[in-house]
Amino acid sequence: MTAAGSVSAAPATPGPGRRALAVFTRDKPALAGAVVLVALMAFCFLGPLIRPTDQVHTDLGRANLPPGSPGHPLGTTDLGYDMLGRLMTGGQTSLEVGLAAGLLATFIGTVYGAVAGYFGGWLDAAMMRITDAALAIPALFLLVVVATIVTPSKPVLTLIIASVAWLSPARLIRGEALALRSRDYVHAMRLMGGGGTRAVFRHIVPNAIGTVIVNATFQIADAILYVAYLSFLGLSIPPPAADWGSMLSTGITYTQVGYWWLIFPPGIAIVLVVAAFTFLGDGLRDAFDVRLQRTRRNRR
Amino acid sequence: MIRFLAKRTAQAAVVLLLVSVIVFVLLHQLPGGPARAILGPKATPQAVEHFNHQQGYDRSLPLQYVHYLRRLLTGDLGESYKLNQTVTAVLADRLPRTLVLTGLSIALAAVLAVPLGVLQAVRRGRIADHLLTGAAFLAYATPVFFLGLVLILVFSQRLQLFPAEAPQADTVGGILSDPRALVLPVVTLALGIVAAFSRYTRSAVLDNLSEDYVRTARAKGQSNARIMARHVLRNALIPLASLLGLYLPTLLSGSLVVESMFNYPGMGLLFWNAAQGSDFPVLLGVTLVVGVATVLGSLFTDIAYAVLDPRIRSVP
Amino acid sequence: MTDSLLRTDPRLPTDSLLRIDDLHVEIPARDGDRRRTVHALDGVSLDLAPGEALGIVGESGCGKTMTALSVLGLLPGGARITGGSVAFAGTDLASAPEPVLRGVRGNTIGMVFQDPLTSLNPTMTIGAQVAEPLLLHKGVGKAEAWRRTEEMLRLVGLPKPGERLRTYPHQLSGGMRQRVAIAMALICEPALLIADEPTTALDVTTQAQILELIDELRTRLGMALILVTHDLGVIARRVDRVAVMYAGRTVERAGVRALFAAPRHRYTQALFAALPERAADASQPLATIPGLPPSPADRTRGCRFAPRCEFASERCETEEPPLSTDEGASRDAHAFACFHPVPPDADPVAQLVPAVPAPVPVPADDVLLRVTGLTKDYPLRGGPFALRRGAAVSAVAGVSLSVRRGETFGIVGESGCGKSTLGRLVVGMEPPTAGSIRFGERDPAALDRRARKAHRREVQLMFQDSYASMDPRMRVAAILREPLVIQGIGDRAGQDARIARLLDDVGLPRGAVDRYPHEFSGGQRQRLGLARALALSPSLVVADEPVSALDVSVQAQILNLMRELQREKGVAYLFISHDLAVVRYLADRVGVMYLGKLVETGPAATVFASPLHPYTRGLLDTADHADPGDGAGVRPSAAPLGGETPSAADPPSGCRFRTRCPYARDICAREEPMPAEPGAPGHAVACHFPLAPAAR
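Residue numbers (the UniProt record's numbering), protein chains in the order written: chain H, 1 to 300; chain A, 1 to 316; chain D, 1 to 696.
Mixed in with the good hints there might be a few duds.
Unchecked claim - Non-contacting residues of chain H with respect to chain D, defined by C-beta distances greater than 10 Å in every case (computed):
1. Leu31
2. Thr58
3. Val115
Unchecked claim - Cut-off 20 Å, straight-line C-alpha distance, at most; resulting in silico cross-link-like pairs (SDA-like, lysine to any residue):
4. A:Lys7 - H:Thr197
5. A:Lys82 - H:Gly120
6. D:Lys453 - H:Gly195
7. H:Lys28 - A:Arg230
8. A:Lys42 - H:Gly120
9. D:Lys142 - A:Arg230
10. A:Lys7 - H:Ala125
11. A:Lys7 - D:Pro379
12. D:Lys453 - H:Thr197
13. H:Lys28 - A:Phe137
14. D:Lys453 - H:Gly120
15. A:Lys7 - H:Phe201
16. D:Lys453 - H:Phe201
Just so you know, these hints were derived from the structure itself, not from any lab.
Ideal Cβ positions, reconstructed from N, Cα and C, are used throughout, including at glycine.
I would like the entire structure built from these sequences, with the hints used as guidance.
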């Protein structure tokens with residue numbers, strides 16, 4: 001009996017990880033996103049080592065210098081901090097809190113969503129009504145209320161943001177788990193006598209991991225935005241600590257006198273980092289989508 | 001459809017109840033608990049104790065919740081620390097203004113986003129599509145407050161086209177009579193929504209264009225323009241109704257920022273001021289109202305969706 | 001280029017309605033970073049006289065749909081006509097500008113597509129959709145259009161057409177939707193109707209009704225018809241002439257009788273031989289075509305079929321055979337593109353069937369599986385305000401059957417009859433609502449966890465869609481190892497050896513272990529699915545529509561393989577299918593299901609030869625066989641099944657078939673018929689008025 005011969009003695013097909021990497025490296029926006037992120041991290045965390053500035057003591061004598069002033073390529077703030085240096089230290093807060101909160105939210109959301117989706121039934125319905133209710137109150141309002149009750153520090157801010165941000169990954173992963181649970185290959189495995197543990201760890205988790213990773217990048221982007229929003233509303237870590245959002249909020253006072261350099265550097269930094277994470281996430285989504293790879297391959 | 005509506009309404013009712021639970025729990029997290037929230041931070045410990053006993057706050061939590069719910073249902077949200085008014089009265093004053101701001105933004109967003117999305121779908125893969133896609137991504141990544149600041153810098157400070165402060169009139173009519181001052185807040189709030197909705201329209205139109213029924217319409221001799229108008233747009237835009245509901249929280253969060261930036265006297269500004277002054281009754285009152293608005297808003301958009309889509313409408 | 005014979009012949013009749021000449025269609029494609037061109041059509045030639053019916057047959061990917069679409073200029077994005085002409089009533093549609101094409105579409109040429117669900121606009125009323133071409137082309141007023149639409153809907157057999165005008169597609173059944181689609185195509189009374197797989201998405205009985213309708217309307221409106229299908233049975237009695245396509249080319253063209261009686265192209269011959277109903281004897285394996293059709297992206301020199309053809313010579317590989325005839329150039333001449341055609345008087349099938357040993361006879365009474373009174377209800381889900389509490393869909397209702405060791409028990413029925421649910425219950429994927437399933441003396445439901453896990457080895461399921469049943473992130477080695485690991489069979493090396501043996505068994509190269517499921521073709525995936533089902537050496541494999549997604553030639557490979565492995569391993573199959581021909585070929589015994597009930601069981605040969613239940617009889621009568629017949633008296637006298645299957649949520653009282661049964665009387669509504677054996681022993685029927693066994 002001859003089967004079709006298209007499966008020949010060619011070398012073994014690379015695994016999903018390798019294939020994802022191959023797709024990813026061909027995706028130019030995603031690569032650009034990754035490069036920008038690495039650059040921004042280096043800027044924020046390595047920059048102050050190369051170019052140390054005083055970001056604690058105010059110097060009103062050198063306040064509001066425009067960009068290009070000697071020693072201050074990006075000018076100074078209303079309290080006389082060097083703008084370039086403040087952009088670095090401010091970025092540290094934004095990135096640290098954003099990364100930590102985004103990852104924490106993804107973790108909590110994944111566990112919650114997976115439990116609801118895998119067990120289904122009444123448990124699922126109850127768990128989902130809770131997230132519905134929490135999602136009904138816009139995140140920013142919740143964040144502001146909580147931030148008003150407690151005084152934020154970096155860890156507290158991380159917790160506050162994560163406590164609100166886990167809701168959307170929870171819904172997403174729940175949907176994913178619900179769908180994966182009823183896939184034919186899970187049925188097939190059960191018919192061989194396999195149990196729930198095997199279903200979860202051999203089939204559901206590996207197939208959901210892509211969604212989780214992709215979602216994590218979006219969560220981090222969101223968390224960075226939340227930090228910025230809270231600081232902008234004056235509810236973040238108290239000065240002299242800074243982050244990009246609070247820098248912008250300082251800038252708003254000076255719009256009428258046209259101190260644009262107080263606004264653009266931190267604003268552009270936020271846009272850059274959020275856009276970079278979004279592109280990265282989009283690229284990862286394509287890379288992890290096996291079906292997409294398949295249709296690309298078989299496109300007529 | 002009746003079954004769908006009944007189910008959806010019951011779900012919304014449960015969610016509303018849970019929203020009230022969340023706000024109730026937050027109330028109990030306040031420093032000093034609800035007594036401080038009602039009596040104010042300067043009340044003596046004796047007064048607090050007396051109040052707690054009188055109001056039943058020394059009873060079990062479930063009983064307290066029932067009590068709280070009963071008060072909510074009579075419209076009693078407590079009294080503002082700062083404004084010398086009941087929270088209900090302040091909200092009744094501010095809510096309509098926020099509705100004007102968000103309503104105008106939604107309308108503007110829809111008017112801009114749908115043609116842009118259709119244009120992108122029709123010109124898929126060409127320059128216009130790439131440019132608009134890039135712009136949408138940028139708009140996604142730009143926080144509302146940065147966008148607002150840039151708009152103020154450019155259009156108010158540099159070009160002096162529009163004022164940087166929103167209309168301050170007391171009535172809705174008064175606000176609407178100053179359209180120039182409304183431009184910047186409305187545009188700031190709308191732009192992010194435009195990005196999201198145009199992305200949605202683009203992909204929905206593309207999805208529909210690849211559907212078999214479009215091929216059928218072509219096989220009947222319809223022109224592309226009429227296929228778009230008569231067949232594709234309707235199918236692509238019906239789900240936009242429920243997307244609107246999904247975007248309510250984003251929109252309300254945005255109005256919080258925009259109102260505080262442009263000093264627009266709506267619910268968002270009220271909330272922000274309350275946060276600055278730790279005016280907890282107002283803070284929680286607004287939170288509750290915003291939550292209720294979102295739940296009801298998404299309920300209504302879902303109903304609209306069901307009415308618009310015959311596949312749901314005609315199911316008994 | 002080729003085809004010179006017909007094109008240059010001056011005696012050729014010029015009264016063609018449609019004439020396609022050497023049509024080429026290309027689609028630019030991208031494979032990774034490499035650009036390449038897919039030659040979707042690579043020389044298609046047809047012609048059609050007014051009022052004539054032409055069938056275009058071929059397997060998936062042969063370009064038959066592309067041909068149909070290119071007539072109306074409806075090619076999918078990117079595809080374009082790169083050569084040849086499509087002459088329709090004096091105009092070359094291949095080069096006509098869009099406005100001209102728009103004037104033809106829906107007006108003088110109507111088209112019906114495969115899937116009636118997706119080809120109608122879900123948010124537009126039926127009336128508006130059917131009236132659309134009228135308003136576009138005929139310049140009639142709204143009221144007049146509405147009137148004519150209603151009339152047309154009546155003509156296509158839509159009950160109460162006046163009321164239906166304002167309904168939406170989802171409110172109609174599949175068959176009714178296809179009637180609407182036909183009404184839409186015919187509303188302008190076109191000269192030509194193109195029907196692209198119009199019945200593929202429909203059930204057997206509905207399919208017969210729709211084909212009958214198209215037939216009738218064609219005569220009535222005097223239009224020509226192009227019927228595009230993969231199903232030789234569908235065209236056999238519906239068209240005058242047939243064009244066979246392979247890999248983007250017309251390879252054979254003839255009158256339908258001539259073609260079915262004596263195909264000349266080697267591909268057509270092999271295709272016929274692979275049909276289960278053409279098998280000389282159910283004990284013989286089916287003839288198969290080795291390999292797969294070439295990818296349209298790889299353009300080869302010479303005859304496209306040569307790599308799979310056992311008669312191919314060197315010439316076939318270098319030179320493209322022209323479409324020519326040895327009967328003189330009349331339009332009805334039997335034309336074929338083959339250097340080594342079948343001799344005109346050869347028996348087309350016998351020549352290809354290899355001789356193999358007869359199957360081992362099944363031991364008579366060694367019952368492996370006994371199912372008694374099996375019932376499955378699915379509660380209708382309602383919200384808190386559900387109007388009908390306790391309502392349920394009765395998917396399987398009191399089914400009793402037994403499967404013997406090593407035999408194949410076929411379950412046939414239309415979609416929604418409960419055959420797949422029955423399969424799921426037997427493998428234990430779902431618990432039954434009532435009734436029992438016993439393997440020998442063992443009742444799986446009564447086993448403890450450990451014993452039930454061990455019992456899993458006994459029954460395995462072969463899925464319809466093997467791709468969906470394999471984890472896309474696992475290599476074949478891991479997929480085939482999984483059952484062995486779960487059941488703790490063998491050490492690593494032992495498992496490797498077993499995996500290699502399984503691959504050998506199903507005819508896949510051992511190198512397949514390093515591949516992922518998406519790298520295999522449909523047929524290869526079914527082989528993998530079978531390999532996995534057999535990995536635990538089960539005594540029963542439930543196969544749910546395992547070949548229904550496959551092309552005829554590949555289907556034959558899988559059927560042969562299943563049969564061969566059954567003989568080798570003594571495994572029994574519960575073979576579930578909607579395809580009567582396939583079941584008739586493979587099954588030793590069959591059960592016919594209707595609306596959750598088993599209405600008839602018995603030895604396959606007996607049931608198919610002399611059915612006792614009116615439903616079985618109706619199914620057999622309406623099913624199309626790949627046989628054009630001899631003209632008169634082919635259609636059995638019994639009326640083909642009319643109407644539609646009622647909802648399983650609210651089945652008829654008494655006998656569930658009575659609403660469609662020509663013999664139904666009062667008792668049928670009152671009393672449920674119990675299975676009885678009025679004729680031969682072992683041939684049971686649940687009917688108050690069983691048919692008399694056919695006198696043969």
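Okay, the hints, checked on the actual structure:
1. Leu31: holds, 15 Å
2. Thr58: Given a closest Cβ separation of 56 Å, the condition holds.
3. Val115: holds, 22 Å
4. A:Lys7 - H:Thr197: Not satisfied, since the Cα-Cα distance of roughly 34 Å exceeds 20 Å.
5. A:Lys82 - H:Gly120: Since the Cα atoms of lysine 82 of chain A and glycine 120 of chain H sit roughly 47 Å apart, the hinted pair is violated (cutoff 20 Å).
6. D:Lys453 - H:Gly195: holds, 9 Å
7. H:Lys28 - A:Arg230: Not OK: lysine 28 of chain H and arginine 230 of chain A at ~38 Å, beyond 20 Å, violated.
8. A:Lys42 - H:Gly120: violated, 50 Å
9. D:Lys142 - A:Arg230: holds, 16 Å
10. A:Lys7 - H:Ala125: holds, 13 Å
11. A:Lys7 - D:Pro379: holds, 17 Å
12. D:Lys453 - H:Thr197: Distance of about 14 Å is within 20 Å: holds.
13. H:Lys28 - A:Phe137: holds, 15 Å
14. D:Lys453 - H:Gly120: The given pair, whose Cα atoms are some 24 Å apart, is violated under the 20 Å limit.
15. A:Lys7 - H:Phe201: Judged against 20 Å, a Cα distance of about 35 Å means the pair is violated.
16. D:Lys453 - H:Phe201: holds, 19 Å
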